[in-house]
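> Chains as they are written, first to last, in numbering that gives the first Met the number 0: chain A, 0 to 378; chain B, 0 to 129; chain C, 0 to 205; chain D, 0 to 156.
Quick caveat, the hints were computed from the structure, so don't treat them as lab data. Beta carbons are placed, not taken as given, at the ideal position from N, Cα and C, and that holds for glycine. Take the hints with a grain of salt, since some may be wrong.
Stated by the list, open to error - Covered stretches of chain A (in silico footprint by chain C; criterion: 3 or more residues with CB under 8 Å from a CB of chain C, positions within the stretch not fixed):
#1 21-33
#2 51-58
#3 138-146
Here are the chains, one letter per residue:
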Amino acid sequence: MNSTLEQPESLRTEELLVNMGPQHPSTHGVLRLLIQTDGELVRQAWPHIGFLHRCFEKIAESVTYRQVVPYTDRLDYLASMNNALAYCLAVEKLAGFEVPERASYLRIIAAELNRIASHLVFFGCYGLDMGAFTPFLYGFRERELILSILEKLSGGRLLYHYPRIGGVARDIDPQIAAEIQNFIKEMRRVWPEYNRLLSENAIFIKRTANVGVITKEAAVAYGLTGPCLRGSGVAYDLRRAHPYSLYERFDFEIPIGQGLKGTLGDCWDRYWVRLLEMLESLKIIEQALAGLPEGQITAKVPPVIKLPEGEVYVGCENPRGELGFYIISDGKPQALRIKVRAPSFSNLSITNAIVRDVLVADVVAIIGSIDIVLGEIDR
Amino acid sequence: MYTQFGAVLVFIALGTAFVFGSLLIGYFVRLSRHHERKLTVYECGEPTIGSAWIRYNSRFYNVALVYLLFDVEVVLLIPAALVFRQTAAEGPAVQALLVLLLFLALLALGLAYEWFYGNLDWIKKEKATD
Amino acid sequence: MEQSAKGPTTPQQMLREAIADPQDLRRYLHYLATIRAEGLSTSVIIAPLEAAINWARASSIWPLTFGLACCAIEMMATGADKFDLDRFGAGAFRPTPRQADLMLVAGTVTYKMAPRLKRLYDQMPEPKFVMAMGACTIGGGPYCKHGYHVVKGIDLLIPVDIYVPGCPPRPEALLDALLRLQDKISKNQPFAERFNKDTKNQKKPL
Amino acid sequence: MTPAEIHSRLKEKFPSAVGEWQEPKAGDPCILLEPQELHEVCLFLKSEPGLEFDYLKLITGVDRGDKLSSVYHLYSYKHQHALVLRADVERAEPKLPSVADIWPAADWLERECFDMLGIVYQGHPDLRRILLPLDWEGYPLRKDYKQPQSYHGIKNE
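With these hints in hand, go ahead and build the complete structure from the sequences.
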């Protein structure tokens, strides 16, 4: 559907190279998108990344296993509990440490709380991308409740260093448990408000339905994972497909996109999957809190951790998709190589394919719906 | 009768004084340090690629014209409302209302025409082109 | 008046020394002479004016959205409803440098981002301030030792007014830094800068 | 299917390309491949009815002293089984056939391996640096990499 029909040579208009550069309100950080536009329609888009390349993998080879945990927090800084959880599971799997049940439960509670906080930031920023300022304030209001819980639990607001190799840093006390119960009640009361605010908003629907449609095959071919994949209808969630750290004990559904407001796999579906995931996470936290076993919160771990020779890959369900750590060790206290499988890295690689013949304003909607975090893209 | 023009004169004088006064204060207060790096084109932090003086897509003119048209219509609504209030006060109110509705219908006709011929959205619908 | 050895003392001497352009100098000397003829010290008129200008500049700082990494999320949380930046007049985040006063560098600055940072700083209009938020911008932070791609502190690139330590700094720390910046602004002398021709705090271009 | 069964199927299909099976002491097993037959093996793994590895999770470049190895993690949504392939190349001239045409996800992953370790993937549509600036010298993740003293005039003490 080409807007400028085959016009004679004298009327042909040229394409303009536009920079959605590193400093841009809607690129969620320092992503530079070079767009070739013909009028308002986008012909090509070349994402340029690397503006936040902080040499994580070089650092991970130069410091001991324990010292890497704070750096994993800074990869996907919106869900640092999940990153540290994935890394600790990888080290424990290779080393063979046995994590006590209470520690696994605490890790799950913290990770799911962080997932809700990350989705709330997505909800706020996606509202901002579409031009609505109030969802940002609503989203951050609930997020502050979570941050105060996690601050009591681990001491930090955004980067926690809470999961440690072999267990967790601190134990939960009844006051935090009560605050979590109160948060669950509050979140369930407020959730319908979000729908009235953004999901059912006519302008929002017009901006996101049938925009940036990703088919199931394209999602799998480009290696999309997480809400981007489930938005296109593939029911694959690592917490259900390959349960790690006692996730098999909780029952929760995996929300997938059904094309309610438009074709299957458009921006609205990805947005709706994340909103539903918040409710599922609430269920997990409730069950984990109810069934919290007694016992130790950390296993017996030698002061200097030396992993046996070998390699291991453990993937976990991060709010943005499958975040995996591939550790190769040769017996020394430092790893030979630690590679991070960053979900946003693969999720972003599809932009050039789906941004063809799309209005420039919709590029903002597509990039927002993929929900990228530059910390883990550039590592 | 002449005094009314006095009020208009004061109004104009105050307006210009206010505008040029603030500009003058600005001249004294603001720092003016022009160097070539500051005058470079802002492109999200990147140096600009190619020149911006290219042949634009003709749809831009189309959208600009449609906007101008409806903008003028909005400006015309204010005097229409004032005239309506005045005529409704003096003559029969229903007749004044009819006149206003007729005026609004004419404006809506322009909107319908644009809408039908697809000038409102960027990609011209095939069915509309005759 | 002989020039005292230790340099200019009163604002007038500083201005006289700073002004290089003779035409401007004559105009300013005439201005000073008329003031002194009426027996008023220059500070009586200029000081309240300067105080008013400083107050206007300090209480409406428009930060440039320059969120790079984790500190950007804390900056957004500070801008949100619990730790509201708007209470101090600094809530209007401007995307373009042309309308921003404060460049709030929040996050790690890498070598690939450094020329862009410098260019954005240059494109900001003149009464501009820089706040280095987070340990990465102060000295490379956790990425200082092995980070080959991380700039070890942004004062290598641009002059910094306020440093906010922390990784990421708490919103209260950011608000406190903003108040300190406002104190700093309320102390400088806009008229002296106005008549000062050379660009004193310009780093050599990249 | 377990990795061992997949390895045996691969062994009979490509006897020369696939290395012997070693049961690892710790962690996941990994299948060694000849770098030149990598493309045929991957094509086979993707299209074979019983295997259908349609999801390429990860491509990792590893500097093992004298050799540079490129490790591929594959997964199949249909059969829910995973596989790890490894192809070693000489450090002097690290050349490998690209799999970007089989899995589009490989496009960026291979560019990152080239950027970090200098492994050249032949047949890649657009092989240039993805994370570091384009005029950066050296490959950072190699063991013998020394940090640059300064870059564009910015000191790096």
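> All the hints need checking, so say for each whether the structure fits it.
Here's how the hints hold up against the structure:
1. Counting residues of the region 21-33 of chain A whose CB lies closer than 8 Å to any CB of chain C gives 6, so the stated coverage by that chain holds, three being the minimum.
2. With a cut-off of 8 Å between beta carbons, the region 51-58 of chain A has 6 residues touching chain C; three or more are needed, and the interface restraint holds.
3. With 5 residues having a Cβ less than 8 Å from any Cβ of chain C, the region 138-146 of chain A passes the three-residue criterion, so the hint holds.
Comparing the model with each earlier hint shows no violations; every hint is respected.
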